[in-house]
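Top line first, the protein sequences correspond to chains H and Y.
Using this note's numbering, the first residue of the first sequence is number 1, and each one after it goes up by one.
Using this note's numbering, the first residue of the second sequence is number 1, and each one after it goes up by one.
By construction, these hints were calculated from the structure, which means they are not laboratory data.
Every value quoted in this text rests on a predicted model; they were computed, and no experiment measured them.
Backbone N, C-alpha and C define an ideal beta-carbon position, used for all residues, glycine too.
Certain hints may be false.
Said to hold, decoys possible - DSSO-like, lysine-lysine: derived pairs with alpha carbons at most 30 angstroms apart:
hint : chain 1 : residue 1 : chain 2 : residue 2
1    : H       : K86       : Y       : K227
2    : Y       : K87       : H       : K422
3    : H       : K97       : Y       : K306
Claimed, not checked - From chain Y, some residues computed to sit far from chain H (all C-beta separations above 10 angstroms):
hint : residue
4    : E58
5    : E64
6    : Q142
7    : D161
8    : P232
9    : H244
10   : M261
11   : K448
12   : R489
Stated by the list, open to error - Just a few of them, taken from the derived set where beta-carbon distance is under 7 angstroms, the chain H residues facing chain Y:
hint : residue
13   : C53
14   : A201
15   : P274
16   : C284
17   : H285
18   : N287
19   : P301
20   : G302
21   : A338
22   : L339
23   : E343
24   : G433
25   : D435
26   : S436
Listed below, chain by chain, are the residues.
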Amino acid sequence: MKMPLLLAALASLICCNLPAQTGDQPLPPPRVVTPDFNQFQLQGAGSCAATACHNGNRTPGTAGSEYSTWILQDKHSRAYEVLFAKRSKQIQQSLLKLPSLEKAHPEKNRLCLDCHVHPGIETAPKREAFHLQDGVSCETCHGPAEKWLTRHARAEWKDLSIAGKEKLGMRDTKTVTGRAGVCVDCHVGKPGSDINHDLIAAGHPRLNFEFGAYHANMPHHWNNARDKDSKLDDGRQSGPDFEARAWAVGQAITAQAALKLLAHRAGKESSTWPEFAEYDCFACHHNLQGKSQPRDRKRPPGSYPWGTWYFSMPRLLARRNKAPLSALDELEREMSKALPRRELVSKKALAAEKEIRLLVERLQDKRSGTKEIAALFSHLAGDDDQQLCWNDSAQRYLGLAALHNAWKDGGNPPPSLAPTLKEMAEVLRFPKGFDSPGPGFSPKIFRDKLLSLKKGVRGE
Amino acid sequence: MSKFWLFLIASLFLAGGIVFAQSDSGAKRKQDADTIYIGVANCAGCHSKKSPSKFSTEFVLMNEYDTWHKEDKHSQAYEVLENSLGKRILENLDDPAKKNACLNCHTVNIPAERQGSHFRLQDGVSCEACHGPAKKWLGDHQEYSWRLKTGSEKAALGMIDMRNRGTQARLCLSCHLGNAAEGKILTHGMLAAGHPPLPGFEITAFHQFMPRHWRLAKNVPFLQDPKLDKPPAPFKDPLVLKKHVHDLYQLQFADFEQTQMAVRNGIAVFQTSIQLLAEEARTVKDQGILDLAMFQCSSCHHELKKNNQPGAPARGRPRAPTWPAVLVPMALRHIAGPDQEQYTGLAKEYADQLRLLRDAVLARPFGDPRKMATSADKLAAWAGRIQDQAAKTNWDRQSARRLLDELGVSSQQKELDYDSARQIAWTYRTIQKEVFPEEAKGHVDVWKVLDRDMRLTIRPGKYLIEEHLTETFERIGKFDPAAFGKSFRGFGRGK
Numbered sequence: 001m002k003m004p005l006l007l008a009a010l011a012s013l014i015c016c017n018l019p020a021q022t023g024d025q026p027l028p029p030p031r032v033v034t035p036d037f038n039q040f041q042l043q044g045a046g047s048c049a050a051t052a053c054h055n056g057n058r059t060p061g062t063a064g065s066e067y068s069t070w071i072l073q074d075k076h077s078r079a080y081e082v083l084f085a086k087r088s089k090q091i092q093q094s095l096l097k098l099p100s101l102e103k104a105h106p107e108k109n110r111l112c113l114d115c116h117v118h119p120g121i122e123t124a125p126k127r128e129a130f131h132l133q134d135g136v137s138c139e140t141c142h143g144p145a146e147k148w149l150t151r152h153a154r155a156e157w158k159d160l161s162i163a164g165k166e167k168l169g170m171r172d173t174k175t176v177t178g179r180a181g182v183c184v185d186c187h188v189g190k191p192g193s194d195i196n197h198d199l200i201a202a203g204h205p206r207l208n209f210e211f212g213a214y215h216a217n218m219p220h221h222w223n224n225a226r227d228k229d230s231k232l233d234d235g236r237q238s239g240p241d242f243e244a245r246a247w248a249v250g251q252a253i254t255a256q257a258a259l260k261l262l263a264h265r266a267g268k269e270s271s272t273w274p275e276f277a278e279y280d281c282f283a284c285h286h287n288l289q290g291k292s293q294p295r296d297r298k299r300p301p302g303s304y305p306w307g308t309w310y311f312s313m314p315r316l317l318a319r320r321n322k323a324p325l326s327a328l329d330e331l332e333r334e335m336s337k338a339l340p341r342r343e344l345v346s347k348k349a350l351a352a353e354k355e356i357r358l359l360v361e362r363l364q365d366k367r368s369g370t371k372e373i374a375a376l377f378s379h380l381a382g383d384d385d386q387q388l389c390w391n392d393s394a395q396r397y398l399g400l401a402a403l404h405n406a407w408k409d410g411g412n413p414p415p416s417l418a419p420t421l422k423e424m425a426e427v428l429r430f431p432k433g434f435d436s437p438g439p440g441f442s443p444k445i446f447r448d449k450l451l452s453l454k455k456g457v458r459g460e
Numbered sequence: 001m002s003k004f005w006l007f008l009i010a011s012l013f014l015a016g017g018i019v020f021a022q023s024d025s026g027a028k029r030k031q032d033a034d035t036i037y038i039g040v041a042n043c044a045g046c047h048s049k050k051s052p053s054k055f056s057t058e059f060v061l062m063n064e065y066d067t068w069h070k071e072d073k074h075s076q077a078y079e080v081l082e083n084s085l086g087k088r089i090l091e092n093l094d095d096p097a098k099k100n101a102c103l104n105c106h107t108v109n110i111p112a113e114r115q116g117s118h119f120r121l122q123d124g125v126s127c128e129a130c131h132g133p134a135k136k137w138l139g140d141h142q143e144y145s146w147r148l149k150t151g152s153e154k155a156a157l158g159m160i161d162m163r164n165r166g167t168q169a170r171l172c173l174s175c176h177l178g179n180a181a182e183g184k185i186l187t188h189g190m191l192a193a194g195h196p197p198l199p200g201f202e203i204t205a206f207h208q209f210m211p212r213h214w215r216l217a218k219n220v221p222f223l224q225d226p227k228l229d230k231p232p233a234p235f236k237d238p239l240v241l242k243k244h245v246h247d248l249y250q251l252q253f254a255d256f257e258q259t260q261m262a263v264r265n266g267i268a269v270f271q272t273s274i275q276l277l278a279e280e281a282r283t284v285k286d287q288g289i290l291d292l293a294m295f296q297c298s299s300c301h302h303e304l305k306k307n308n309q310p311g312a313p314a315r316g317r318p319r320a321p322t323w324p325a326v327l328v329p330m331a332l333r334h335i336a337g338p339d340q341e342q343y344t345g346l347a348k349e350y351a352d353q354l355r356l357l358r359d360a361v362l363a364r365p366f367g368d369p370r371k372m373a374t375s376a377d378k379l380a381a382w383a384g385r386i387q388d389q390a391a392k393t394n395w396d397r398q399s400a401r402r403l404l405d406e407l408g409v410s411s412q413q414k415e416l417d418y419d420s421a422r423q424i425a426w427t428y429r430t431i432q433k434e435v436f437p438e439e440a441k442g443h444v445d446v447w448k449v450l451d452r453d454m455r456l457t458i459r460p461g462k463y464l465i466e467e468h469l470t471e472t473f474e475r476i477g478k479f480d481p482a483a484f485g486k487s488f489r490g491f492g493r494g495k
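Isolated chain H (complex conformation):
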């Protein structure tokens, strides 16, 4: 987890303050069709870069400057370049046990290219003008432009439905569901593009995706205000509660992707098992100390805490929205064992993924007013007395920050909340030079911050 991201999330919530609005307009039906986008030919980012089109080079986020924003500010445009860094070579050397750094060529490795350029890039049809050098470029998120490049510049393009555009290869990035769905392929991983523990141990950063924060922090090449404008009728599920919904739907979509990946990890006999990347890094990765922490009563001492990053918030949301959780609970029990049974895990992970699908449907259809957002904020600030590990705590903080954003967009949260949220980010921050929590974090310290938030909500 990059702490600056957390802070930036916080900063972003202080900036936006739209007029209070609550809307009840019906939303478009959930996106169900996911065509195989790689049936269309990739045209290359250059196709989008005409000055008159998306390379206007004006204020980032304004219409016509999407390419400029991406190439200047967005790390996605450097995704291929980073594969030439010494660090990337070291990762491959370590992973494949290569005799020397010179033998390492991550820029030619399919696994790397799948996420550092485009999923399935090796076999995907591409024009000569498509350059790996562009990294994660326009068409990776928006879909290969073969069939829509010319058409989408015409006036009648706007009349096409989301599904109509998808048929031509343009992915849905209007709805929250669509947007999150695009990110998770790489930021959570999918069969074939998997950042497992071997790769992390070789030096690849751990993936801990949280859609709300990533979405808020990504340099926006679109007009942020339109996401929150309930008067728009272009199917984008806009409204002042956007940030809250983006967080909640993002949580569920992310959980779905994580479960699909787990089903694959468990099912594939040749892959590494048990897969440590499924567990809470800091459950094992901490210095041993003489003073023991009070233990988590939910599981036997020395067993594995599973899914603390991906599932703590979806659980809370599922309980609140009366969505089923039984398969996820069974899965957790099995995954806490030293050697979970692969077949059972695979089966249960798919069942749990179905449960979460119901949650996605409930969440994406749900519009929340300020009152509901405040109530959910209160709920996150502490409704139980369980031991929160760093992962739980960070997820809770990110949720609270997103809800606080939405609350500000729709109303006026008590002023004491923002400073407390800032303090929370500090508690979660890793010490300098470390990639794991230091003595500044403990479940108790974090809990105290939650209590002050709760008091703040009540106006104490």
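With chain H fixed as given, assemble chain Y onto it according to the hints.
Below, chain Y alone, put in the same frame as chain H:
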């Protein structure tokens, strides 16, 4: 050569088991069924200063009970189960049946039908835990002629031959490392519930911490000048008696007693740990996974640092503990003596076997149990042969010098961990003090630094280990192999 060892040790991973007692354990258990543990009260009757003992102290000190009772932590082994930490661990384990697992190491955990009327579990690790059930030998061992019997004659009556270096090391290690057959396994669950981790075990150092309730052979008056009022028939001739005692107690090596003990223990630690790994691997087969405590704690338990250099191969897979193997090169050097060719041969055997085990451990997270069992069995058998060879070697100043030289080489490994470094330092100190005391005096300052960084001198006596845990973990966290290597170069070796 140092690079070779560096590679070996760095790529090591092990854990342990029992050495030679295994083959006859079935028969032994049958024999044990009718042996009775009589309890410390029966020993205290003579082996205490407070008892009106009619026995002289020319053979044993006769205050062993006092030392154990007043100073030896073994006597509080049961008691600590009921203090705050003990209670917390049991509570965390949530399983009353687990208490029996504690008792296997924290007392002499024998069934009621084998407990004599004075036997109490509460006495902890008491006399008979190490010396064997005394019912059958209590009377005989009070005779002066008892000390002329061989170890195996005594063992036939149930007294464990603690003068046999291998037997002694095995016995200590059954708790201080683990023994699957005897149910003495410290599991990851117990550790996570709060049990302090087992430190590296170097026998001569631990004898000091106990503290010892016996004298070294060279300080035992009877052994130096064997005389008996009424010697049994074959020993009427004083020269015959003297020769018998000399052979029985290996007095030709009396000046190298501790050196011998340290080397033999170094091999026993290795063999025990490999054997334990094999047994655990056999138990779980394909159905499960070895207990996490079989692996090197620091494989997983370390903080994550930014920009740490990708280095050792197969990162991300837990390794088996490295410290039990750290003295093996020294032992091989000792066995080969000045014969470089023999040494190279032994080292190659070792490296080849070790590679097989390493591949099995790293095959997947927590290892491939089937392959681990096979390779660990072979390696343990090899270690057994090394132990046998070591028993037949000669001990003199030259061989002691070779031991120190090899330890100097071992001390310079880049990836040495705290426990391994301590094994090296403890062994070096023992040999240097015993064989080259004048050098030890010249290196007082080096020892001061090593002692500060690694607490080589542990205060003997009864106190709670848990009170020092925080400090211990801090010290382990601060340990720097480079600084250790540098300190060690102060001895003028290890180039």
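Each hint tested on the structure:
1. K86(H) to K227(Y): Roughly 77 angstroms separates the two Cα atoms, so the pair is violated.
2. K87(Y) to K422(H): At roughly 40 angstroms apart (the allowed maximum being 30 angstroms), K422(H) and K87(Y) break the hint.
3. K97(H) to K306(Y): Status holds; Cα separation ~21 angstroms.
4. E58: 45 angstroms, holds
5. E64: About 33 angstroms separates E64(Y) from the closest Cβ of chain H, which puts it past 10 angstroms; holds.
6. Q142: Since the minimum Cβ distance to chain H is about 46 angstroms, Q142(Y) lies beyond 10 angstroms and the statement holds.
7. D161: With a cut-off of 10 angstroms, D161(Y) remains clear of chain H, as the shortest Cβ separation is near 37 angstroms.
8. P232: P232(Y) is indeed farther than 10 angstroms from all Cβ atoms of chain H, at 55 angstroms.
9. H244: 52 angstroms, holds
10. M261: 30 angstroms, holds
11. K448: 25 angstroms, holds
12. R489: 28 angstroms, holds
13. C53: 40 angstroms, violated
14. A201: 3 angstroms, holds
15. P274: OK, holds: P274(H) within 7 angstroms of chain Y, min 6 angstroms.
16. C284: 4 angstroms, holds
17. H285: 5 angstroms, holds
18. N287: 5 angstroms, holds
19. P301: 4 angstroms, holds
20. G302: Nearest chain Y Cβ about 3 angstroms off; hint holds.
21. A338: Cβ of A338(H) sits 5 angstroms from chain Y, so the hint holds.
22. L339: L339(H) check passes; min Cβ-Cβ to chain Y is 4 angstroms, inside 7 angstroms.
23. E343: Not OK, violated: E343(H) not within 7 angstroms of chain Y, min 14 angstroms.
24. G433: At 5 angstroms from the nearest chain Y Cβ, G433(H) passes the 7 angstroms test, so the hint holds.
25. D435: 4 angstroms, holds
26. S436: The hint holds - S436(H) has a Cβ within 7 angstroms of chain Y, the shortest such distance being about 4 angstroms.
In this structure, the earlier hints numbered 1, 2, 13, 23 are contradicted, and the remaining ones agree with it.
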